[in-house]
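Listed in order, the protein sequences are those of chains A and B. Our numbering applies: residue 9 is where the first sequence begins, and numbers increase by one. Our numbering applies: residue 9 is where the second sequence begins, and numbers increase by one.
Keep in mind that the hints were calculated from the coordinates and are not lab data. Hints may contain errors.
Note: identical chains are not told apart, hence a pair may lie in one copy or across any two.
Straight line, CA to CA, 35 angstroms or less: simulated DSBU-like cross-link-like pairs of lysine-lysine [as the list claims (entries may be wrong)]:
hint, residue 1, residue 2
1, K641, K474
2, K81, K514
3, K370, K125
4, K27, K125
5, K279, K319
6, K262, K319
7, K476, K514
8, K618, K646
9, K641, K421
10, K129, K646
11, K646, K656
12, K618, K421
13, K250, K641
14, K547, K559
15, K176, K646
16, K328, K445
Protein chains: 2
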Amino acid sequence: SVNPDLASERQTASFCVEKLTALLDGGTEQTRIRRAVVEAIQSDPVFSSENQYFQTQNERYEAAVRKAVHLQKKMHEMGWTENGPEYKYIYRALSGDVAFLLHRVFMRSISMLGSDKQIAKWIPLATQLRLIGSYAQTELGHGTYLQGLETTAIFDTATQEFILNTPKISAMKWWPGDMGRSATHTVVFAQLYIHGKCYGIHPFIVQIRSLQDHSLCPGITAGDIGPKMNFEAIDNGYLMLKNVRIPRENMLSKFCEVRPDGTYVRQGSQKINYFTMTAVRISLISDEVLTPLMKACTIAIRYSVVRRQSKLKPGEQEAKILDYQTQQEKLLPQLAAAYAFHFINNYLQELFDRGYREIQRKNFDMLPELHALSSGFKAVITHHSTAAVEICLRACGGHGYSLLSGLPSLYTKILASCIYEGENTILLLQTARFLIKCFMAVSAGQPVPPSVTYLAAVKPGKCPAKNKSDFLSPDIYTEAYQHVAVRLISSTAAKLQDLIQSGAKKYDAWNQCTVQLVQAAKAHCHYITVKNFAETVEKLETKAGIQRIMKHLCDLFALHGIFSNTGAFLHDGYISAAQMDMVTASYLDLLAVIRKDAVPLVDAFDFTDKSLNSALGSYDGQVYQRLYEWAQKSPTNKMSPAYERYLKPLLHNALSKL
Amino acid sequence: SVNPDLASERQTASFCVEKLTALLDGGTEQTRIRRAVVEAIQSDPVFSSENQYFQTQNERYEAAVRKAVHLQKKMHEMGWTENGPEYKYIYRALSGDVAFLLHRVFMRSISMLGSDKQIAKWIPLATQLRLIGSYAQTELGHGTYLQGLETTAIFDTATQEFILNTPKISAMKWWPGDMGRSATHTVVFAQLYIHGKCYGIHPFIVQIRSLQDHSLCPGITAGDIGPKMNFEAIDNGYLMLKNVRIPRENMLSKFCEVRPDGTYVRQGSQKINYFTMTAVRISLISDEVLTPLMKACTIAIRYSVVRRQSKLKPGEQEAKILDYQTQQEKLLPQLAAAYAFHFINNYLQELFDRGYREIQRKNFDMLPELHALSSGFKAVITHHSTAAVEICLRACGGHGYSLLSGLPSLYTKILASCIYEGENTILLLQTARFLIKCFMAVSAGQPVPPSVTYLAAVKPGKCPAKNKSDFLSPDIYTEAYQHVAVRLISSTAAKLQDLIQSGAKKYDAWNQCTVQLVQAAKAHCHYITVKNFAETVEKLETKAGIQRIMKHLCDLFALHGIFSNTGAFLHDGYISAAQMDMVTASYLDLLAVIRKDAVPLVDAFDFTDKSLNSALGSYDGQVYQRLYEWAQKSPTNKMSPAYERYLKPLLHNALSKL
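Let's have the full structure, built from the sequences with the hints guiding it.
Structure below.
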């Protein structure tokens, strides 16, 4: 039975939830396929995650390996293929809690970087899981700056082998998933040396464990890096190499080859390499960021209509906490952000697909824009979503702090997305570099990519809004975001030039502007997100109330951004103080409007109770019953030896005294 | 041997580290006592926390009980007493990782709320740990709003007993520490009923487990609430009561008594009760918030001078990451905040001590101000420090994400401080209520407490700064903070009155202003913090460079606050856009200045390696060596059954194919 406090929220939905779900999925057929996959996975007990909050890191690893092995069978049974429409839903249904994720990266890097011969040899073996691959790039002392990697691969002409070494402790490979305990092979990135000359970083296939008994191969030291904030299921590992010899054929050689005599040959364009990172950054947004954000919103919003606390009106029963303005102000902007990021993710996907088609036609023109956008949006979306999940957790008070709420794991996992695949600050600075370059080009009258043509439109001007309802006009707020982005980019470009003109070295001037460059890059991404949301809403069909509620969310997202960052808009008087008060009024009004549809808006994300795995967020809202039932299953409720060991001697004498 | 990249940072300190440590401790004698305690605790293997990142919740609980029992012996041995100068350092040295913390709350509540007879009976037993107490207030469905508690205590005149019940699942006690597995007794808060009439919430002593065999007493259901985001060592528990009978004497009766015939007698003033919460909120700032914040700064800053990444200048070696402006902008404001909060904590302590003396003289005049300040500062400091620790964690990239860095535990623990002892939003609204009241009083020419007399000084005015160095004048920035606080409080008061005058109900008007009321309360606390920091610096001795470096930190704290919240200062033009650009310039300049002393400034916190328990933060800066050594000890590096069970069948056929 559904908690009546939750049930009543669903009766007053202003739109059709099922239609919105289909919109999010990209069509009813996609919804059907997704649900079928989720049903098949979640009805299979091997894939259960029910006990995960009680398990040790070792138990989580065991379960992940079991699931990965079972998944191979399951896919065969169900007729699902790696390239089929079901694949993306499998990962979502498993909440990523499965082993051999790096095995897929291993395969992808061979496909992208290997010769046809190498692909023909390794890919079938890997596909059938006859070996387990990993991907060893990051070192203990080296992350984002790949040129700094210290692992070496020295070509030995005599034996036609490469000799691999991690010469110092800081060169030890560190973090690769599946490497700590599972992998038999790995791609290793190392500085290639031939006849004493360094040719830079190249990829090599190295066997690290025996296929017979899984023991480490000669010259290999490897193991697990130990406990992390999350990812207990993954055996992130370390790897040291001491004079490990591999045949010449093991250097991945689609783009570079070492001939038997040691001649180094470069072939084809390596530009496509950048494209791989772009692809990874865009693909992680959906799986690793949007899904957890949507889950956190679902949990916190459902809980907030079930939890009652204090009296809003004297004499009435305690109020649902979502009826408090402060609770609305915590949660509803995060819900709006989830939708905003869903739509910008669609935009990025389309751009990426277009870019991919162009590249296949050998046209690399879109690469800089794609690189800049994927970097910036990866940073902005992961940062914002991480903060949002934390807000959801805190908004649930003490119960949010229990692992059983599901929120702590969502938070500790999404947090990593700010760090991996390019640390956010460094990514934003890459976007900033692109923006400064484009701004210079535009100022010189040169053409620039479509997403930055707006930089040409530098006009002082003032916001034309006359009353608070004007701020519900997408033109008004989109224009304001654009104005701020242009202002920040142009003023930072000016500071940069000033510094250089007054004698600063270029690198030094750049460093002195980086705090502001980061702000400029964020403003650019924020503007594009708002603009894209507004344009998406414009195009939605007006039926079933979908467009209206999406318009409200778009307004909320935009006004929340202004409300939280008033200085940027007030700085040059583009928005006046009086107008800012209108923004605030409009923003606070909107909270009360969207609050009415809050539960239907999270219902539309269509998570099953098993995917949420939360005592607070289940569809029926029976929060207290579930917390109590789950707590009883905790291993901390088994007999503890502490009583016999410590408490009994303390207490045994006390009885007589009472 | 100290990592040379760290050693070089210490050679250029602009001040005497040992002097600063003494300043933080409150004198050289305090430093001596603290070090002696830390040495005694940390040299005793029973108190070791070395393996804690590898332990399960059950193992952590066992260790905490062992430590608590051992501590009793140790204190006796060392001649340390609960009221002695050593006591506060013991908790710090143990990083709070010890059982029976709620036992102390149990004792305190009996001392504060019990009659002399009750104190004489229970306190000696509790002091000798002949029983283990807990404190059962929060319920599954009820937290901050105490009047909503559902547990009942019905007086039975016939048997002279109270009959206790948790009548619904939402009434179940939930969260009390030490209750899940250890406690034999607990104070239970319940609605008192006599002859069918409810007299509100009262405290009762209830035995929950046998002193003979530790089994649950009749009518008691209790256990552990399961895994949480941190506090693995604590057995937070649940408790259900079904017709549990306790003698009349077990109601704590300093202020209220039930006579044998059921007459309810209230005696003395209960105002002192508010004072207890004030005391708790102030005392947690130092132990639970400042210490972890200082640890996080120490870890992140030491790591940032050891970690090198990318080239700042072409041709040179990779740069220390602390040399990047963006890294400075992440970490140095957090360091400044740690000092700012240390000094405001001293201010609050003094105010509290003064209030305590007044109350003993039956003068309760300071209570409202103390309540408002302790609520607001608890919220502001916990919020800011939690965000700061998260920034430190993220600033260390992937290594920060490893539990071995120590940062994840610091974060997951400090996060709880935003929720417990009053949820932050609710506390800020209490501060806001006080501020609005005082603003009204001041406007009517009535007297107000000293900390809010500034509210009378509403003057429009403009900031008089003419160039960026003017913003290094404490008068200039303190005035600006004051201006913003007055503006936010007065404008919200005006909105509140407007709403009421246009017919809104008072409670509804209040709810519609809460988002802005929270902002106003924060602005007030921020202003007091800046003002106090500036006044503290003013009074410091000028010797040994201490005053100079503290002045820099004060400036940084103040300017960072303006830089991060420009809108509040720009809104009514108090600071102009041109002046804001000066703030930014001054702020960025300061980062480079303080960066030079960053390591000495964290060294002054004087944490031992054992207290930090961090592979990144140790005094010698041997980061990579330590990460590798620690990882090897992880239980994830023991043989896993996954190979035999899952991997071997997968792989056994593969060898022949390669």
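| field | Within, between, both or neither, where K27 and K125 count as close if Cα-Cα is 35 angstroms or less | value | Result: close neither inside a copy nor across copies, 48 angstroms intra and 69 angstroms inter.
| At most 35 angstroms between C-alpha atoms: does K641 with K474 qualify within a copy, between copies, both, or neither? | neither (59 angstroms within a copy, 66 angstroms between copies)
| query | For the identical chains here, do K370 and K125 meet the 35 angstroms Cα criterion within one copy, between copies, both, or neither? | reply | within (23 angstroms within a copy, 90 angstroms between copies)
| said: Regarding K328 and K445, is the shortest C-alpha distance of 35 angstroms or less found within a copy, between copies, in both, or in neither? | reply: For K328 and K445, the Cα distance is within 35 angstroms only across copies (27 angstroms; inside one copy 51 angstroms).
| message | For K641 and K421, with the copy left unspecified, which applies at a CA distance of at most 35 angstroms: within, between, both, or neither? | response | Both: 24 angstroms inside a copy, 24 angstroms across copies.
| message | At most 35 angstroms between alpha carbons: which applies to K646 and K656, within, between, both or neither? | response | both (17 angstroms within a copy, 34 angstroms between copies)
| query | Is it within, between, both, or neither for K547 and K559, if the alpha carbons may be no more than 35 angstroms apart? | reply | within (11 angstroms within a copy, 56 angstroms between copies)
| Homo-oligomer pair classification [K646, K618; C-alpha up to 35 angstroms] | both (25 angstroms within a copy, 31 angstroms between copies)
| query | For K176 vs K646, is the C-alpha pair at or below 35 angstroms within one copy, between two copies, both, or neither? | reply | For K176 and K646, the Cα distance is within 35 angstroms only across copies (25 angstroms; inside one copy 46 angstroms).
| field | Up to 35 angstroms CA-CA - K421 versus K618, copy category | value | The answer is both: 18 angstroms in one copy and 28 angstroms across copies each meet 35 angstroms.
| Within, between, both or neither, where K250 and K641 count as close if Cα-Cα is 35 angstroms or less | between (47 angstroms within a copy, 22 angstroms between copies)
| field | Status of K319 relative to K279 across identical chains (alpha carbons, at most 35 angstroms) | value | between (62 angstroms within a copy, 23 angstroms between copies)
Of the numbered hints listed earlier, those contradicted by the structure are 1, 2, 4.
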